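Put chain B on the given structure of chain A with help from the hints.
First to last, the protein sequences are chains A and B.
For my numbering, add 172 to where a residue sits in the first sequence, where the first one is 1.
For my numbering, add 172 to where a residue sits in the second sequence, where the first one is 1.
For the record, the hints were derived by calculation from the structure and aren't laboratory data.
Computed from a predicted model, the values in this text were never measured in an experiment.
Any given hint could be a false lead.
Because identical chains share one entry, a pair is satisfied inside a single copy or across any pair of copies.
Stated by the list, open to error - Distance condition first, Cα-Cα at most 25 Å in a straight line; then the derived DMTMM-like pairs of lysine to aspartate or glutamate:
| no. | residue 1 | residue 2 |
| --- | --- | --- |
| 1 | Lys296 | Glu257 |
| 2 | Lys330 | Asp187 |
| 3 | Lys399 | Glu289 |
| 4 | Lys296 | Glu433 |
| 5 | Lys324 | Glu376 |
| 6 | Lys399 | Asp429 |
| 7 | Lys324 | Asp346 |
| 8 | Lys251 | Asp261 |
| 9 | Lys324 | Glu190 |
| 10 | Lys324 | Asp187 |
| 11 | Lys262 | Glu228 |
| 12 | Lys393 | Glu291 |
Protein chains: 2
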Amino acid sequence: MSADSLPREMLITADFSELRRSVAAARHAGQIIGCVPTMGALHAGHISLMQQAHAECDFVIATLFVNPTQFGPQEDLQKYPRPFEADCDKCRVAGVDLLFHPSVESIYPPGYSTFVEVEGLTTKWEGAVRPTHFRGVTTVVAKLLNLTQPDKAYFGQKDFQQQAIIRRMCRDLDMPTEIVTCPTVRDPDGLALSSRNAYLNVTERASGLSLYRALCLARDKVRTGEKDLAAIRLAMRAEMEQTPGVAVDYATIADPDSLVELNEPQPRMVALVAARVGPTRLIDNRLIP
Amino acid sequence: MSADSLPREMLITADFSELRRSVAAARHAGQIIGCVPTMGALHAGHISLMQQAHAECDFVIATLFVNPTQFGPQEDLQKYPRPFEADCDKCRVAGVDLLFHPSVESIYPPGYSTFVEVEGLTTKWEGAVRPTHFRGVTTVVAKLLNLTQPDKAYFGQKDFQQQAIIRRMCRDLDMPTEIVTCPTVRDPDGLALSSRNAYLNVTERASGLSLYRALCLARDKVRTGEKDLAAIRLAMRAEMEQTPGVAVDYATIADPDSLVELNEPQPRMVALVAARVGPTRLIDNRLIP
Numbered sequence: 173m174s175a176d177s178l179p180r181e182m183l184i185t186a187d188f189s190e191l192r193r194s195v196a197a198a199r200h201a202g203q204i205i206g207c208v209p210t211m212g213a214l215h216a217g218h219i220s221l222m223q224q225a226h227a228e229c230d231f232v233i234a235t236l237f238v239n240p241t242q243f244g245p246q247e248d249l250q251k252y253p254r255p256f257e258a259d260c261d262k263c264r265v266a267g268v269d270l271l272f273h274p275s276v277e278s279i280y281p282p283g284y285s286t287f288v289e290v291e292g293l294t295t296k297w298e299g300a301v302r303p304t305h306f307r308g309v310t311t312v313v314a315k316l317l318n319l320t321q322p323d324k325a326y327f328g329q330k331d332f333q334q335q336a337i338i339r340r341m342c343r344d345l346d347m348p349t350e351i352v353t354c355p356t357v358r359d360p361d362g363l364a365l366s367s368r369n370a371y372l373n374v375t376e377r378a379s380g381l382s383l384y385r386a387l388c389l390a391r392d393k394v395r396t397g398e399k400d401l402a403a404i405r406l407a408m409r410a411e412m413e414q415t416p417g418v419a420v421d422y423a424t425i426a427d428p429d430s431l432v433e434l435n436e437p438q439p440r441m442v443a444l445v446a447a448r449v450g451p452t453r454l455i456d457n458r459l460i461p
Numbered sequence: 173m174s175a176d177s178l179p180r181e182m183l184i185t186a187d188f189s190e191l192r193r194s195v196a197a198a199r200h201a202g203q204i205i206g207c208v209p210t211m212g213a214l215h216a217g218h219i220s221l222m223q224q225a226h227a228e229c230d231f232v233i234a235t236l237f238v239n240p241t242q243f244g245p246q247e248d249l250q251k252y253p254r255p256f257e258a259d260c261d262k263c264r265v266a267g268v269d270l271l272f273h274p275s276v277e278s279i280y281p282p283g284y285s286t287f288v289e290v291e292g293l294t295t296k297w298e299g300a301v302r303p304t305h306f307r308g309v310t311t312v313v314a315k316l317l318n319l320t321q322p323d324k325a326y327f328g329q330k331d332f333q334q335q336a337i338i339r340r341m342c343r344d345l346d347m348p349t350e351i352v353t354c355p356t357v358r359d360p361d362g363l364a365l366s367s368r369n370a371y372l373n374v375t376e377r378a379s380g381l382s383l384y385r386a387l388c389l390a391r392d393k394v395r396t397g398e399k400d401l402a403a404i405r406l407a408m409r410a411e412m413e414q415t416p417g418v419a420v421d422y423a424t425i426a427d428p429d430s431l432v433e434l435n436e437p438q439p440r441m442v443a444l445v446a447a448r449v450g451p452t453r454l455i456d457n458r459l460i461p
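Just chain A, same shape as in the assembly (with noise of 0.2 Å):
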């Protein structure tokens, strides 16, 4: 815990040598590491990450980097959102100590040719629709830790399959972090908030309330004692289908840690959805219980 109230300067940096620097001192000093890797184009979602990471860490690091290797060819890496200073100014006030924006080319060096991989998981759902995207987050979520080398690293429950990926290879790699998932945020009526909402207008945006619709009706279900996830699941799609405009990548029922969808109720599962909406993607989870 920070002892520190008080505005403290936040140094903004995309040098690797002094990030590096100002991590060996604030470990040499003892402090507890934070790091909240991001794209950039923040909202309050990512601000709870680093005000959580701020809550339980000493030394708080935001990544910021647009990582080309996690963008299909089809997408929208060119018009991803860029708002730099905006983006400072809010990490300054959630209690960041030091905003690490590497540019492509120090992170993808000339003859650059690692990549890591977790296999099965990255196959399923996201990994159905963008064959190259989970790659692209593992190895650059790799390298942004090994930077940074924090005791916790803050994911967003929202992109919930990359918080299990990331979580199986920090495992699996025996990486020496904690990854902490925070909760969703969403907007009052319930649409979680997502960095590429920006491109929806009014008609997408009531739309896109069908995916959390859909979530709480199979939490509903569960709880009033449905015990046929099939049904379940077409429940969810069907809710979905019916409102205007949204075409469906996939509504499941699924293990939160293999992401295996399920046949039987189980105490933990995760409903996990996925639609088009217009030409945006969107993609949201509740945990069920």
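Here is chain B on its own, set in the frame of chain A:
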């Protein structure tokens, strides 16, 4: 540098928590940590790595793990020598402070599914003959470096491609460890030390010397002004092929970093050879000049 020249106790453990505690204590005491990953069956080549680590570091960890994922299905995993007590004694004499010998089950627990892959470098030479070998090596070395968090890790030049790949992996993944490559240790007649030399009978051992002769021949030819690298490769191959019982896998002159075969001489080159001698596969290399 260790100021302590008295004999020290060596901790022997298979326990991850005990390893992490010891590393944390050494780190907290400001010690420089060195790591020497091995598969055991230690010979003077391994010992030289440990001695160099002992000379350059305060706290030396040797790891002893016969890694199943780097053996092919037709390879010698089951019969690979495992003289544990003798290995412990050798480590102790060489100045090792901690010997970590994890079980296969603790390194690869149920559900294990993460792999580190270096592309390009791993498909050439040894990788062409042993398609999954280097994926197994990079994955287990990443794990061992994450567990031991060393400032320096020591590898033998004997496995030239391996050290080049591990060097690339550490650079690409921003791992906070310096890779130190130590000179190949040879018998007086030139045979490079290898745990697999134990498989050679007297006749095969004599034939195995042809690999070293081919390397010396390449070096001599470059030294005396030969510019035709294709001609040198042919001469290297002929030197080995004219030896009874030797089946050449490759004989080349390559760039030491990219391992790409060279057509024109350049300041830094490496001669690489591999051959089967009876049932045993031998490799060797020499930097030129």
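Against the structure, the hints:
no. : hint            : in the structure
1   : Lys296 / Glu257 : neither (36 Å within a copy, 46 Å between copies)
2   : Lys330 / Asp187 : neither (30 Å within a copy, 35 Å between copies)
3   : Lys399 / Glu289 : neither (35 Å within a copy, 43 Å between copies)
4   : Lys296 / Glu433 : within (10 Å within a copy, 40 Å between copies)
5   : Lys324 / Glu376 : neither (36 Å within a copy, 54 Å between copies)
6   : Lys399 / Asp429 : within (21 Å within a copy, 59 Å between copies)
7   : Lys324 / Asp346 : both (14 Å within a copy, 18 Å between copies)
8   : Lys251 / Asp261 : within (22 Å within a copy, 61 Å between copies)
9   : Lys324 / Glu190 : both (20 Å within a copy, 21 Å between copies)
10  : Lys324 / Asp187 : both (22 Å within a copy, 22 Å between copies)
11  : Lys262 / Glu228 : within (19 Å within a copy, 45 Å between copies)
12  : Lys393 / Glu291 : neither (32 Å within a copy, 48 Å between copies)
Hint compliance for this structure: hints 1, 2, 3, 5, 12 are not met, and every other hint is.
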